[in-house]
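Colleague: Below are the chains, spelled out letter by letter.
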Amino acid sequence: MKILVVDDEKDVQVLFEQRFRKEIRSGEMEFMFAFSGEEALQFMQSNEHEAVLILSDINMPGMSGLELLKHIKEKYEAPPPVVMMITAYGDADNYNQAMKLGADDFLTKPLDFTVLKEKLKTNLV
Amino acid sequence: MKYFIILVSLVSLPVVVKAQLILPDSLRMAFQAATDDSVKFKVSRAVYTFYEETNRDSALHYAQLRYAIARKYNRKIEEAHTQGQIAYQQIYLGRFSEALTNLTEAIQVAEKSKNTTTWELTAFNTPGKSREVALSMLNHMYGHLKLQTGSAESLYYFKEGRRIGLEIGNDFRVTVADMVLATNYLRLDQPDSALIYAKEGEAFGIRGGIPKYVANIWYAMGAIYLKKGVDSLALPYFKKSLDYAIQEENLTVVASVYENLFTFYQLKNNADSALYYAAENISVVKSLGAITSFAVNEINLGKAYQNLATAYSLQNNTDSTNKYLRLSLAVKDSLTATKLKRLADFQRLTLDEQLRLQKEEKERTAFENKRRMYVLFAGIVVALIIMLLIYRNNRQKQKANSKLEKTLTELKSTQSQLIQSEKMASLGELTAGIAHEIQNPLNFVNNFSEVNSELIDEANAEMNKGNIPEARNILNDIKENEQKINHHGKRADAIVKGMLQHSRSSTGQKELININELADEYLRLAYHGLRARNKSFQASFTTDFDPSTGKINIIPQDIGRVLLNLFTNAFYSVMEKSKHRPEDYQPTVSVSTKKLNNTILVKVRDNGMGIPNEIIHKVFQPFFTTKPAGQGTGLGLSLSYDIITKGHGGELKAETKEGEFAEFTIILPS
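Line by line, the protein sequences are chains A and B.
All letters in the first sequence, in the order written, are residues 1 to 125 by the working numbering.
All letters in the second sequence, in the order written, are residues 1 to 670 by the working numbering.
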């Protein structure tokens with residue numbers, strides 16, 4: 001399973017690689033990283049449909065996570081990738097907006113990697 | 001031969017030497033008919049003039065009558081004038097003391113009087129200048145007094161009278177003065193000066209229509225030319241003068257011309273003619289009767305007898321010569337005695353007058369000194385009052401000054417309090433952002449330490465398996481993570497330090513700072529500050545940093561404050577706009593840096609509400625805010641402006657379009 005992680009914090013890459021090292025090693029999961037919404041869109045254009053799951057931060061400079069979500073859900077119809085939004089602001093407004101735009105899940109920071117792993121594995125099934 | 005012809009013509013003239021001193025019927029009747037005082041005053045002037053030079057007692061009587069009328073009606077100008085006429089008659093009657101008293105009084109009256117219209121607006125009076133006319137006349141009379149009492153000052157007073165007359169354009173007064181001056185310069189043996197005045201007088205007299213005095217001037221001119229030895233010019237003037245005098249029955253002039261003709265023929269050694277005119281002269285002088293004056297330049301019986309004696313001596317007629325010499329001496333003796341007595345009286349009077357004047361002067365000086373004392377005293381009092389006022393004023397000013405200083409100190413402390421509260425307000429804006437910004441590194445710290453804990457277990461397991469290379473790999477990862485932990489710990493530390501620094505007052509120390517990093521940091525702080533506090537806040541932000549800006553010398557907490565303020569304003573603006581236009585509006589704040597020549601440009605732009613033109617010039621003013629009461633101090637941009645311009649020698653500019661965008665540009669020297 002190919003997962004695209006979008007976050008403007010670069011250390012997220014190392015963290016994910018460490019947290020999911022067993023899954024990566026076993027080939028169960030494959031992670032790709034983009035550090036802005038724009039970069040994520042670019043990646044998706046050049047590697048169409050490769051990523052089946054996108055984990056995106058909401059608050060980023062430039063294109064925000066929600067805009068990215070909107071693009072993905074509008075452009076990639078069949079089958080649209082699963083998009084999970086991650087944000088520090090777990091308020092109702094934010095949640096509703098993400099859901100309205102078609103987010104498949106909504107996670108708040110700090111991320112509980114145990115929960116995340118469960119959710120990813122569920123999505124794989 | 002020429003002389004003979006002239007002589008014949010002169011002799012052939014009808015000489016009227018009879019009862020000439022009877023007042024003409026017309027005048028007498030007019031005077032008697034005058035019941036009204038003002039009319040009587042005017043008529044009596046003509047009567048006075050008739051007697052003026054021919055019957056001094058009568059002239060004096062009418063002058064006194066006129067003076068009484070003037071006094072009765074309190075006509076000051078008329079009073080002075082008639083008193084002057086009284087004095088004139090008294091002078092030639094030898095009553096010098098009375099004349100002096102009258103003249104002195106008259107001058108005082110004239111000087112105090114106003115320029116009123118007189119009853120006598122004749123050709124001799126200048127309208128509206130009545131006071132000057134009177135003064136000119138009185139000076140002239142004073143000249144006569146001086147002349148007859150043997151003072152050389154007489155010429156000065158005649159000239160003074162002439163000067164005033166000339167000034168007010170009064171031909172009469174100038175003519176009379178010229179006549180007298182000509183006669184007296186001749187007497188003083190200065191025929192050239194005499195001629196100048198005579199010519200002037202002739203011109204003024206003809207212009208002013210005063211033939212009576214012109215006739216006097218003509219015989220004077222004849223005498224002047226005679227003195228200068230120009231006989232050919234002398235005789236025509238005598239003739240002109242005589243013609244007029246006979247025609248007008250002016251006996252004084254006739255007598256004078258005869259006397260002059262006697263002198264002329266005496267000089268020419270023409271004994272017959274000299275005798276003829278001496279005799280004619282005597283006959284006219286006798287008919288004048290009352291005029292038996294001893295006055296200088298005056299028709300004089302003694303002199304007439306003497307002239308006749310001289311004429312007879314030319315004829316070698318000793319008997320007649322002796323007879324008339326005796327008569328002459330007799331007249332002269334009696335007149336001389338009278339004159340000496342009167343002059344003595346006059347001199348005593350003038351001495352008394354001088355003493356009186358000296359006394360007056362002393363009193364005046366004393367009074368003046370007293371007055372000066374009072375003035376000085378008053379001056380001192382006024383000066384004291386002024387000083388007191390100034391002192392009081394000064395005291396009040398000092399009080400006001402100390403009040404102002406106190407207020408200023410209070411204001412300064414209020415200002416620093418305001419600045420501090422502005423800092424704290426912006427710190428409040430920061431806290432949420434800071435919390436968020438610390439949250440991120442803390443998450444990393446926690447996550448990496450958890451990961452490490454797992455990795456250590458794994459490493460142990462691998463070592464137990466004897467898989468040393470794998471264990472070493474894991475240890476390397478642990479080390480790498482440890483560095484991440486350290487990095488993010490430091491990051492959190494830096495954020496907290498920055499916050500503390502922000503709340504502290506500026507150290508004023510410039511440091512070399514990467515402006516891009518600073519701008520990025522504060523953009524995030526501002527964004528997350530707002531985002532954390534306002535749940536409905538949605539905005540995107542973009543950055544465009546020029547990597548060539550490098551590090552620049554700035555006071556980081558001050559520039560940070562400026563950036564924070566600009567970002568907060570920008571976010572506030574886009575938020576406000578999104579409230580009204582929720583649909584297709586993309587609230588965006590962007591920051592960019594650029595190196596341009598020797599300056600660094602930092603632009604903060606938002607697509608919010610923009611700033612209305614009416615207030616664009618106010619945004620850098622202290623306490624100006626568009627936020628609702630209690631939400632903004634109105635100091636943010638004002639302080640920012642000061643920090644950039646005063647603190648860093650830069651510029652802070654605003655560019656905006658209402659409803660579309662606002663862009664603030666910081667220009668800093670690199």
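Simulated from the structure, these hints should not be mistaken for laboratory data.
Where hints are given, some of them may not hold.
Below are the DSSO-like pairs computed for lysine-lysine, each with C-alpha atoms no more than 30 Å apart in a straight line [as the list claims (entries may be wrong)]: (1) B:K479 with A:K10; (2) A:K73 with B:K579; (3) A:K10 with B:K370; (4) A:K109 with B:K497; (5) A:K109 with B:K579; (6) B:K577 with A:K100; (7) B:K403 with B:K465; (8) A:K2 with B:K551; (9) B:K535 with A:K70; (10) B:K362 with A:K10; (11) B:K479 with A:K117; (12) B:K465 with B:K112; (13) B:K551 with A:K10; (14) B:K490 with A:K109; (15) B:K603 with B:K657; (16) A:K117 with B:K618; (17) B:K465 with A:K75; (18) A:K10 with A:K22; (19) A:K22 with B:K618; (20) B:K579 with B:K595; (21) B:K618 with A:K73; (22) B:K112 with B:K42; (23) A:K75 with B:K535; (24) B:K240 with B:K199; (25) A:K10 with B:K497; (26) A:K70 with B:K579; (27) A:K119 with B:K399; (28) A:K73 with B:K479.
Colleague: Evaluate each hint against the coordinates.
Modeller: These are the hints, each one checked on the structure:
Taking the CA atoms of K479 (chain B) and K10 (chain A), the gap is near 18 Å; set against the 30 Å cutoff, the hint holds. Our distance criterion of 30 Å between C-alpha atoms is met by K73 (chain A) and K579 (chain B), whose separation comes to about 26 Å. With a C-alpha separation of about 108 Å, the suggested pairing of K10 (chain A) with K370 (chain B) is violated against the 30 Å cut-off. A distance of roughly 24 Å separates the Cα atoms of K109 (chain A) and K497 (chain B); the hinted pair therefore holds under the 30 Å criterion.
Among the hinted pairs, K109 (chain A) with K579 (chain B) is consistent with the structure: their alpha-carbon atoms are about 28 Å apart, no more than 30 Å. Between K577 (chain B) and K100 (chain A) the alpha-carbon distance is near 22 Å, which keeps this suggested pair within the 30 Å criterion. Between K403 (chain B) and K465 (chain B) the CA atoms are separated by roughly 88 Å; this puts the pair beyond 30 Å, and the hint is violated. The suggested pairing of K2 (chain A) with K551 (chain B) is violated, with an alpha-carbon distance near 42 Å, which exceeds 30 Å.
For a cut-off of 30 Å, the pair hint linking K535 (chain B) to K70 (chain A) stands: about 20 Å separates their Cα positions. Taking the CA atoms of K362 (chain B) and K10 (chain A), the gap is near 118 Å; set against the 30 Å cutoff, the hint is violated. A threshold of 30 Å between alpha carbons decides the hint, and for K479 (chain B) with K117 (chain A) the separation of about 24 Å falls inside it, so the pair holds. The straight-line distance between the Cα atoms of K465 (chain B) and K112 (chain B) is roughly 147 Å, outside the 30 Å bound, and the hint therefore fails.
Of the supplied pair hints, the one linking K551 (chain B) and K10 (chain A) holds, its CA atoms being roughly 24 Å apart against a limit of 30 Å. With a C-alpha separation of about 20 Å, the suggested pairing of K490 (chain B) with K109 (chain A) holds against the 30 Å cut-off. With a CA separation close to 16 Å, the supplied pair K603 (chain B) and K657 (chain B) stays within the 30 Å bound. For the proposed pair K117 (chain A) and K618 (chain B), the alpha carbon gap of about 56 Å is over 30 Å, so the pair is violated.
A hinted pair counts as satisfied when its Cα atoms are at most 30 Å apart, and K465 (chain B) with K75 (chain A) does not qualify at roughly 50 Å. At roughly 21 Å between alpha-carbon atoms, K10 (chain A) and K22 (chain A) fall within 30 Å of each other, so this suggested pair holds. Between K22 (chain A) and K618 (chain B), the direct Cα distance comes to roughly 62 Å. Violation of the 30 Å bound is thereby established for this hinted pair. Taken as a hint, the K579 (chain B) and K595 (chain B) pair is broken in the structure, with Cα atoms around 36 Å apart against an allowance of 30 Å.
A hinted pair counts as satisfied when its Cα atoms are at most 30 Å apart, and K618 (chain B) with K73 (chain A) does not qualify at roughly 46 Å. Distance check on the hinted pair: K112 (chain B) and K42 (chain B) sit about 23 Å apart at the alpha-carbon level, within 30 Å; holds. A hinted pair counts as satisfied when its Cα atoms are at most 30 Å apart, and K75 (chain A) with K535 (chain B) qualifies at roughly 29 Å. Taken as a hint, the K240 (chain B) and K199 (chain B) pair is honoured in the structure, with Cα atoms around 15 Å apart against an allowance of 30 Å.
Taken as a hint, the K10 (chain A) and K497 (chain B) pair is honoured in the structure, with Cα atoms around 23 Å apart against an allowance of 30 Å. For the given pair, K70 (chain A) sits about 21 Å from K579 (chain B) by alpha-carbon distance, which is consistent with the 30 Å threshold. Between K119 (chain A) and K399 (chain B) the CA atoms are separated by roughly 80 Å; this puts the pair beyond 30 Å, and the hint is violated. Our distance criterion of 30 Å between C-alpha atoms is broken by K73 (chain A) and K479 (chain B), whose separation comes to about 40 Å.
Comparing the model with each earlier hint shows violations of hints 3, 7, 8, 10, 12, 16, 17, 19, 20, 21, 27, 28; every other hint is respected.
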